[in-house]
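There are 2 protein chains.
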Amino acid sequence: MGLAMIGCGTVGSGVVRILQQSADLLTRRAGQPLQLRHVVVRDVNKDRGVDLSGCQISTDIQPILDDPAVSVALHLVGGIEPALSDITRLLKSGRDVITANKALLYEHGDELFELAGQLGRTLCFEAAVAGGIPIISMVNSSLTGNRISSIEAILNGTSNFILTRMLNEGQSYNEAVAEAQHRGYAEADPAMDVDGTDAVQKLILLTRLAFGTNVEMDRIVRQGIEHIELLDLLVAEELGYRIKLLATTRVKDGSLEVSLQPTLLKAHRGLAMTDGADNYISVSGDAIGRLTLSGAGAGQMATASAVMADIVDYATGRAQQTFQSLLRTRCNDRYSLLPADDLTRRYYLRFRVSDQPHVLADIADILGRHDISISSVRQDETRESGDRSGVARLVVLTHSTTEGNLRAADLELAKLDTLHGTRIRLPLADEPAT
Amino acid sequence: MGLAMIGCGTVGSGVVRILQQSADLLTRRAGQPLQLRHVVVRDVNKDRGVDLSGCQISTDIQPILDDPAVSVALHLVGGIEPALSDITRLLKSGRDVITANKALLYEHGDELFELAGQLGRTLCFEAAVAGGIPIISMVNSSLTGNRISSIEAILNGTSNFILTRMLNEGQSYNEAVAEAQHRGYAEADPAMDVDGTDAVQKLILLTRLAFGTNVEMDRIVRQGIEHIELLDLLVAEELGYRIKLLATTRVKDGSLEVSLQPTLLKAHRGLAMTDGADNYISVSGDAIGRLTLSGAGAGQMATASAVMADIVDYATGRAQQTFQSLLRTRCNDRYSLLPADDLTRRYYLRFRVSDQPHVLADIADILGRHDISISSVRQDETRESGDRSGVARLVVLTHSTTEGNLRAADLELAKLDTLHGTRIRLPLADEPAT
Numbered sequence: 001m002g003l004a005m006i007g008c009g010t011v012g013s014g015v016v017r018i019l020q021q022s023a024d025l026l027t028r029r030a031g032q033p034l035q036l037r038h039v040v041v042r043d044v045n046k047d048r049g050v051d052l053s054g055c056q057i058s059t060d061i062q063p064i065l066d067d068p069a070v071s072v073a074l075h076l077v078g079g080i081e082p083a084l085s086d087i088t089r090l091l092k093s094g095r096d097v098i099t100a101n102k103a104l105l106y107e108h109g110d111e112l113f114e115l116a117g118q119l120g121r122t123l124c125f126e127a128a129v130a131g132g133i134p135i136i137s138m139v140n141s142s143l144t145g146n147r148i149s150s151i152e153a154i155l156n157g158t159s160n161f162i163l164t165r166m167l168n169e170g171q172s173y174n175e176a177v178a179e180a181q182h183r184g185y186a187e188a189d190p191a192m193d194v195d196g197t198d199a200v201q202k203l204i205l206l207t208r209l210a211f212g213t214n215v216e217m218d219r220i221v222r223q224g225i226e227h228i229e230l231l232d233l234l235v236a237e238e239l240g241y242r243i244k245l246l247a248t249t250r251v252k253d254g255s256l257e258v259s260l261q262p263t264l265l266k267a268h269r270g271l272a273m274t275d276g277a278d279n280y281i282s283v284s285g286d287a288i289g290r291l292t293l294s295g296a297g298a299g300q301m302a303t304a305s306a307v308m309a310d311i312v313d314y315a316t317g318r319a320q321q322t323f324q325s326l327l328r329t330r331c332n333d334r335y336s337l338l339p340a341d342d343l344t345r346r347y348y349l350r351f352r353v354s355d356q357p358h359v360l361a362d363i364a365d366i367l368g369r370h371d372i373s374i375s376s377v378r379q380d381e382t383r384e385s386g387d388r389s390g391v392a393r394l395v396v397l398t399h400s401t402t403e404g405n406l407r408a409a410d411l412e413l414a415k416l417d418t419l420h421g422t423r424i425r426l427p428l429a430d431e432p433a434t
Numbered sequence: 435m436g437l438a439m440i441g442c443g444t445v446g447s448g449v450v451r452i453l454q455q456s457a458d459l460l461t462r463r464a465g466q467p468l469q470l471r472h473v474v475v476r477d478v479n480k481d482r483g484v485d486l487s488g489c490q491i492s493t494d495i496q497p498i499l500d501d502p503a504v505s506v507a508l509h510l511v512g513g514i515e516p517a518l519s520d521i522t523r524l525l526k527s528g529r530d531v532i533t534a535n536k537a538l539l540y541e542h543g544d545e546l547f548e549l550a551g552q553l554g555r556t557l558c559f560e561a562a563v564a565g566g567i568p569i570i571s572m573v574n575s576s577l578t579g580n581r582i583s584s585i586e587a588i589l590n591g592t593s594n595f596i597l598t599r600m601l602n603e604g605q606s607y608n609e610a611v612a613e614a615q616h617r618g619y620a621e622a623d624p625a626m627d628v629d630g631t632d633a634v635q636k637l638i639l640l641t642r643l644a645f646g647t648n649v650e651m652d653r654i655v656r657q658g659i660e661h662i663e664l665l666d667l668l669v670a671e672e673l674g675y676r677i678k679l680l681a682t683t684r685v686k687d688g689s690l691e692v693s694l695q696p697t698l699l700k701a702h703r704g705l706a707m708t709d710g711a712d713n714y715i716s717v718s719g720d721a722i723g724r725l726t727l728s729g730a731g732a733g734q735m736a737t738a739s740a741v742m743a744d745i746v747d748y749a750t751g752r753a754q755q756t757f758q759s760l761l762r763t764r765c766n767d768r769y770s771l772l773p774a775d776d777l778t779r780r781y782y783l784r785f786r787v788s789d790q791p792h793v794l795a796d797i798a799d800i801l802g803r804h805d806i807s808i809s810s811v812r813q814d815e816t817r818e819s820g821d822r823s824g825v826a827r828l829v830v831l832t833h834s835t836t837e838g839n840l841r842a843a844d845l846e847l848a849k850l851d852t853l854h855g856t857r858i859r860l861p862l863a864d865e866p867a868t
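Heads up: the sequence lines are chains W and E, in that order. Under this note's numbering, the residue at position 79 of the first sequence is numbered 79, and the numbers go up by one with no gaps. Under this note's numbering, the residue at position 370 of the second sequence is numbered 804, and the numbers go up by one with no gaps.
Everything labelled a hint here was simulated from the structure, so no lab data went into it. This one's a predicted model, so the numbers in the text were calculated from it and none came from an experiment. Even glycine gets a Cβ: it sits at the ideal position worked out from N, Cα and C. You may find that some hints are simply not true.
To be verified - Selected chain W positions facing chain E (Cβ under 8 Å, derived; list incomplete):
#1 Arg28
#2 Gln32
#3 Arg89
#4 Gly132
#5 Ser142
#6 Gly145
#7 Ser149
#8 Ile288
#9 Thr292
#10 Met308
#11 Thr322
#12 Thr329
Could you build the full structure based on these sequences and the hints that come with them?
This is the structure we're talking about:
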């Protein structure tokens with residue numbers, strides 16, 4: 001089977017390494033030898049640390065289109081263009097495509113699926129969500145006997161690494177981001193990771209597959225980790241919780257609740273104990289109960305492992321069957337989306353307040369007028385070291401209330417001149433039924 | 435697609451329920467309607483709580499063999515016979531088979547695979563190992579890009595339930611067994627679960643698939659939970675460990691270490707925190723790193739979910755491709771088995787000893803002469819309540835030593851008339867590299 005590869009960066013060179021190291025085993029598993037014939041890169045002279053001597057190296061996909069021996073292209077570059085044009089050309093030329101490009105699938109997945117379907121071609125994308133964790137295969141094949149009722153997941157390893165470093169090493173947010181960059185977990189501009197864009201794109205892809213429903217990003221409650229401070233992690237820990245960037249989709253009263261927010265989770269839960277750059281995905285279905293997967297959500301070899309699974313699945317013909325099954329069952333907008341304002345949870349609220357007698361009364365009054373009932377309050381006697389004199393931190397846990405009530409209350413809280421800096425508002429996760 | 439079902443017990447009636455409740459969704463996923471045409475049971479008059487009105491009900495498989503519309507049979511009964519004869523007849527008649535019968539695959543898997551291969555037929559068995567957890571699909575398809583280096587797993591939910599009840603509720607072993615029987619987790623005769631037979635059969639099946647190596651049961655270190663007492667769980671907890679019936683296969687220096695033993699695991703590990711009837715499987719591969727799955731390892735609907743995954747995989751044609759791939763890669767005895775005596779671990783030893791001055795010296799002398807170095811000793815001041823007067827419990831943690839040294843030492847320890855009752859000997863799990 002002739003392969004072509006577009007992009008030979010971290011993941012691509014990992015795939016080349018596996019193809020070369022495990023050639024015998026892969027041939028038997030795939031039922032035929034796998035031959036990498038083309039590699040398309042921007043700079044043909046750059047050393048990528050792997051042996052590409054058997055491949056034609058070019059800067060354009062045309063040589064792939066001209067080679068009838070290539071049946072499938074591994075598309076391992078990010079961004080929307082030229083990815084969209086390249087994949088479109090490949091599909092139209094009769095090539096199937098294996099891609100790891102989550103952003104592209106998020107933005108143009110529908111049209112690419114449509115096009116592939118019309119042309120009788122196949123698209124595989126196990127590596128696009130959660131790196132090495134085979135969540136796509138799980139949803140598309142292992143759980144087909146289930147009606148899935150919820151997904152709770154940690155889908156962004158960079159954010160999880162940052163939160164873990166802050167808590168375990170006592171680092172500030174900025175120090176932990178710098179550490180993540182130093183280790184190659186975060187880009188020079190970490191915005192897409194820390195503001196939740198990356199995780200929410202993955203969640204939307206999973207929601208399409210698992211719930212047959214297309215959700216628009218701007219209708220989802222989405223919040224990144226940029227405003228979380230070490231003190232929030234420490235206070236949460238004292239209360240018996242860990243804060244994780246939690247992606248959730250679940251069916252409630254026939255509607256779909258979707259959110260991506262830093263969330264307080266009881267410290268003993270598996271989700272709460274997921275540390276470092278790992279991902280964790282818990283899927284509930286009517287037959288299976290709760291099934292949990294965890295492992296490396298990113299990284300060279302783990303992502304390459306997911307690409308290899310697609311390659312072997314394709315070589316055996318399984319991937320083609322799965323894609324046809326997907327086309328038959330994809331987005332029929334089975335559920336309506338619960339409006340963000342109607343999400344109902346308990347909340348953790350954290351303020352920096354002037355250390356004056358009436359402050360708590362003002363806050364309690366505003367919350368009360370928006371139907372938000374207070375479960376517990378703690379204002380620390382000692383002020384934070386180095387903090388403005390006369391400013392204390394105040395943490396409020398609420399009883400169950402709606403996101404809408406909290407947003408409305410927050411608009412009023414913003415007007416209090418006794419509150420300083422960012423007002424932190426994080427939901428508490430429901431405890432799973434045992 | 436015409437289906438037949440042999441056995442309509444717990445799992446079978448779960449499958450019928452899913453087929454009926456999710457008919458629309460399954461038809462789209464499978465690409466064709468799924469029609470259950472035959473059910474074979476021992477007693478045709480017994481009410482099974484599900485609607486079988488559309489099926490021909492019989493006590494023999496002959497009607498299936500006579501019906502050309504049946505392409506695949508769901509074989510959902512246990513035991514070796516008539517299972518082996520029935521599946522053989524079905525395969526020879528041109529039917530493919532989906533089975534949940536782990537004991538049969540353990541004993542006759544090789545000949546059944548051989549036969550199916552010769553006849554061009556397909557065998558599916560996702561439900562045979564770990565119930566709802568899709569570990570077979572994981573190994574056969576998602577991890578094909580990997581050389582697997584280790585599996586660590588909790589594969590017997592009954593044993594895990596018993597150990598959990600003992601620790602959490604302070605129950606004795608016998609009380610916890612009775613509770614497991616009361617809840618339907620354990621059979622009237624729980625021997626196969628608690629003596630490790632069930633778990634070791636599953637481990638051997640996984641080892642065949644993941645390591646391409648056939649291991650004979652009597653060459654494996656195998657130990658059940660029958661002799662574990664509450665006090666062992668409590669002492670382990672005080673030392674920072676949990677005791678779990680751990681199934682392990684791993685490659686070490688080119689050989690395969692395989693064992694099934696109650697094992698001390700650091701309390702913070704996911705394996706250690708697996709409670710109740712759940713299963714937990716951690717697979718390490720050269721590309722993926724460590725991938726972990728957990729969920730219901732048994733139970734009606736979780737196991738039925740695994741059978742449904744096989745049915746849909748079969749209907750789409752994926753299962754046939756997977757089985758062909760399996761035939762190409764199965765047991766080539768890639769690894770040699772490390773002799774049981776050469777397994778090298780730290781150990782937890784627990785004795786009941788006469789409360790006399792020279793006892794510890796005798797034990798230490800025997801261990802020392804067998805090259806077993808003691809890491810820590812604790813002999814409790816207070817005697818167990820209700821225990822024989824003058825008998826104390828003694829716990830020794832050893833440094834790393836071999837199973838062979840310990841067995842030899844144990845033969846000598848057995849001769850000491852100052853030791854009473856069962857001598858408990860449990861390995862400590864290696865900590866995974868972080």
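Hint numbers contradicted by this structure: 2, 3, 7
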